[in-house]
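Q: The residues making up each chain are set out below.
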Amino acid sequence: MDNFTVGVVVFPGSNCDRDVSWALEGCLDIRTKYLWHESSDLSDVDAIVLPGGFSYGDYLRCGAIARFSPLINALDEFVKSGKRVLGICNGFQILTESGFLPGALVANKNLNFICDDVELDIVSSKGGWFNNVDEKQTIKLPIAHGEGRYHCDSDTLKKLVDNELIALRYKNNPNGSSFDIAGITNEKGNVLGLMPHPERACDETIGGTDGLFTLKSLILK
Amino acid sequence: MDQFAVKVFIRLRPSVLDPAGEATKSASIKLGAEGIKSLRIGKMIEVKIEGNGENEVREKIDLLCDRLFANTVIEDYEYSLEKL
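Sequences listed follow chains A and B, in order. Sequential numbering of the first sequence, starting at 1, is according to my numbering. Sequential numbering of the second sequence, starting at 1001, is according to my numbering.
Think of the hints as simulated: they come from the structure by calculation, not from any bench. Nothing here was measured: the structure is a model prediction, and the numbers come from that model. Keep in mind that a hint or two might mislead.
[Said to hold, decoys possible] Below, in silico cross-link-like pairs of lysine-lysine (DSSO-like), each with a Cα-Cα straight-line distance of 30 Å or less:
id	chain 1	residue 1	chain 2	residue 2
1	B	Lys-1030	A	Lys-109
2	A	Lys-216	A	Lys-80
3	A	Lys-80	A	Lys-33
4	A	Lys-109	B	Lys-1043
5	B	Lys-1030	B	Lys-1048
6	A	Lys-221	A	Lys-140
7	B	Lys-1007	B	Lys-1037
8	B	Lys-1025	A	Lys-109
9	A	Lys-216	A	Lys-140
10	A	Lys-109	A	Lys-80
11	B	Lys-1007	A	Lys-109
12	A	Lys-140	A	Lys-83
13	A	Lys-33	A	Lys-109
14	A	Lys-109	B	Lys-1060
15	A	Lys-159	A	Lys-188
[Stated by the list, open to error] Simulated restraints on C-beta separations:
id	chain 1	residue 1	chain 2	residue 2	range
16	A	Lys-109	B	Met-1044	40 to 48 Å
17	B	Ser-1038	A	Asp-76	19 to 27 Å
18	A	Pro-70	B	Glu-1050	25 to 33 Å
19	B	Asn-1052	A	Asp-41	31 to 39 Å
20	A	Gly-57	B	Lys-1030	27 to 35 Å
21	B	Ser-1038	A	Ser-43	34 to 42 Å
22	B	Ser-1015	A	Ser-40	43 to 51 Å
23	A	Asn-3	B	Asn-1052	38 to 46 Å
24	B	Ser-1015	A	Gly-99	29 to 37 Å
25	B	Met-1044	A	Asp-121	34 to 42 Å
By construction, the Cβ of each residue, glycine as well, lies at the ideal position given by its N, Cα and C atoms.
With the sequences and hints as input, model every part of the structure.
A: Dropping the structure here:
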């Protein structure tokens, strides 16, 4: 695992890229490499994080423009090969806009930008993103978003439930998300998108370490 | 080549809650406007585009609407087209 490298994608407007890199390198000793969105060469990274922020200023819809970057075009093959992709906040929005995950993220029900810590139930451990949390089925992670209300139609919701694709649910739904959904995986389990920020919960001195496991699981095969 | 002016209207699907529309409805009522039953906010995109005839331009606009302008998970679209 010494050479395992996580690619952290940087779009114009990303602002959690350095937080993710700090958490992976500083807290978990996992090597990272920044990937500019115009790059389509993913050959020297073993997993990818799409970090939070406001790619392209959230123009048109959050994640709508980022979807057309060369890097996201190259992501299809990367995902098909079974390598792991983690989309956090704006990264989650990009994953839904580009069709890697179903549904969409829309404006919070109360229209507020919500910046808070939230309690989350771990619903599924598909993909191993939340496995073995010492039998603790609830974690606390920070959220910071204006457009984090997960929306999908009833057929999609049924598929998510039936196939155990719902990874996280809010205990106290802050934004009006359908079925309290805070994070989902694809069917294979190698792609996780979530609105909460695990990289902001990796050190006790900044309020908790409940995000460590998810970031560490990037190195799972 | 013909040139067309296209107006694309994008709306949240009826099943998607529109909190901005709700807030604007509330403000409209505070302004004193009576009788507002519903108020929903969408987007309008104006495009000037060239192509060989209306059919070709419609194909281009359909692609743009379906893949970029609207997210059909949450939005519907329609457009009008005028030859310049």
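Q: State for each hint whether it applies.
A: We went through each hint and held it up to the structure:
1. This hinted pair checks out: B:Lys-1030 and A:Lys-109 have alpha carbons roughly 21 Å apart, not beyond 30 Å.
2. Straight-line distance between C-alpha atoms of A:Lys-216 and A:Lys-80 comes to about 21 Å, which keeps the hinted pair within the 30 Å bound.
3. Only pairs whose Cα atoms come within 30 Å are accepted, and A:Lys-80 paired with A:Lys-33 is accepted, the gap being roughly 21 Å.
4. Distance check on the hinted pair: A:Lys-109 and B:Lys-1043 sit about 19 Å apart at the alpha-carbon level, within 30 Å; holds.
5. At roughly 39 Å between alpha-carbon atoms, B:Lys-1030 and B:Lys-1048 are farther apart than 30 Å, so this suggested pair is violated.
6. Between A:Lys-221 and A:Lys-140 the CA atoms are separated by roughly 26 Å; this keeps the pair inside 30 Å, and the hint holds.
7. With a C-alpha separation of about 26 Å, the suggested pair B:Lys-1007 and B:Lys-1037 falls inside the 30 Å cut-off, and the hint holds.
8. A hinted pair counts as satisfied when its Cα atoms are at most 30 Å apart, and B:Lys-1025 with A:Lys-109 qualifies at roughly 15 Å.
9. Proposed proximity of A:Lys-216 and A:Lys-140 is supported: the alpha carbons are some 17 Å apart, at most 30 Å.
10. Under the criterion of a C-alpha separation no larger than 30 Å, the hint pairing A:Lys-109 with A:Lys-80 is inconsistent with the structure, at around 34 Å.
11. With a C-alpha separation of about 29 Å, the suggested pairing of B:Lys-1007 with A:Lys-109 holds against the 30 Å cut-off.
12. A threshold of 30 Å between alpha carbons decides the hint, and for A:Lys-140 with A:Lys-83 the separation of about 27 Å falls inside it, so the pair holds.
13. This hinted pair does not check out: A:Lys-33 and A:Lys-109 have alpha carbons roughly 36 Å apart, beyond 30 Å.
14. Straight-line distance between C-alpha atoms of A:Lys-109 and B:Lys-1060 comes to about 34 Å, which puts the hinted pair past the 30 Å bound.
15. For the suggested pair A:Lys-159 and A:Lys-188, the alpha carbons sit about 13 Å apart, so the restraint of at most 30 Å is met.
16. For the pair A:Lys-109 and B:Met-1044, the beta carbons lie near 25 Å from each other, so the given range of 40 to 48 Å is not met.
17. Between B:Ser-1038 and A:Asp-76 the CB atoms are about 40 Å apart, so this pair departs from the stated range of 19 to 27 Å.
18. Checked against the hint of 25 to 33 Å, the C-beta distance between A:Pro-70 and B:Glu-1050 comes to roughly 26 Å, which is consistent with it.
19. With their beta carbons about 37 Å apart, B:Asn-1052 and A:Asp-41 fall inside the hinted range of 31 to 39 Å.
20. In this structure the hint that A:Gly-57 and B:Lys-1030 lie 27 to 35 Å apart at CB holds, the actual value being about 31 Å.
21. Checked against the hint of 34 to 42 Å, the C-beta distance between B:Ser-1038 and A:Ser-43 comes to roughly 52 Å, which is inconsistent with it.
22. Between B:Ser-1015 and A:Ser-40 the beta carbons are some 36 Å apart, a value that contradicts the proposed interval 43 to 51 Å.
23. In this structure the hint that A:Asn-3 and B:Asn-1052 lie 38 to 46 Å apart at CB is violated, the actual value being about 53 Å.
24. Taking the beta carbon of each, B:Ser-1015 and A:Gly-99 are about 20 Å apart, not inside 29 to 37 Å as hinted.
25. Taking 34 to 42 Å as the suggested C-beta distance range, the pair B:Met-1044 and A:Asp-121 conforms, at roughly 41 Å.
In summary, the structure is inconsistent with hints 5, 10, 13, 14, 16, 17, 21, 22, 23 and 24 from the numbered list given earlier, while agreeing with the others.
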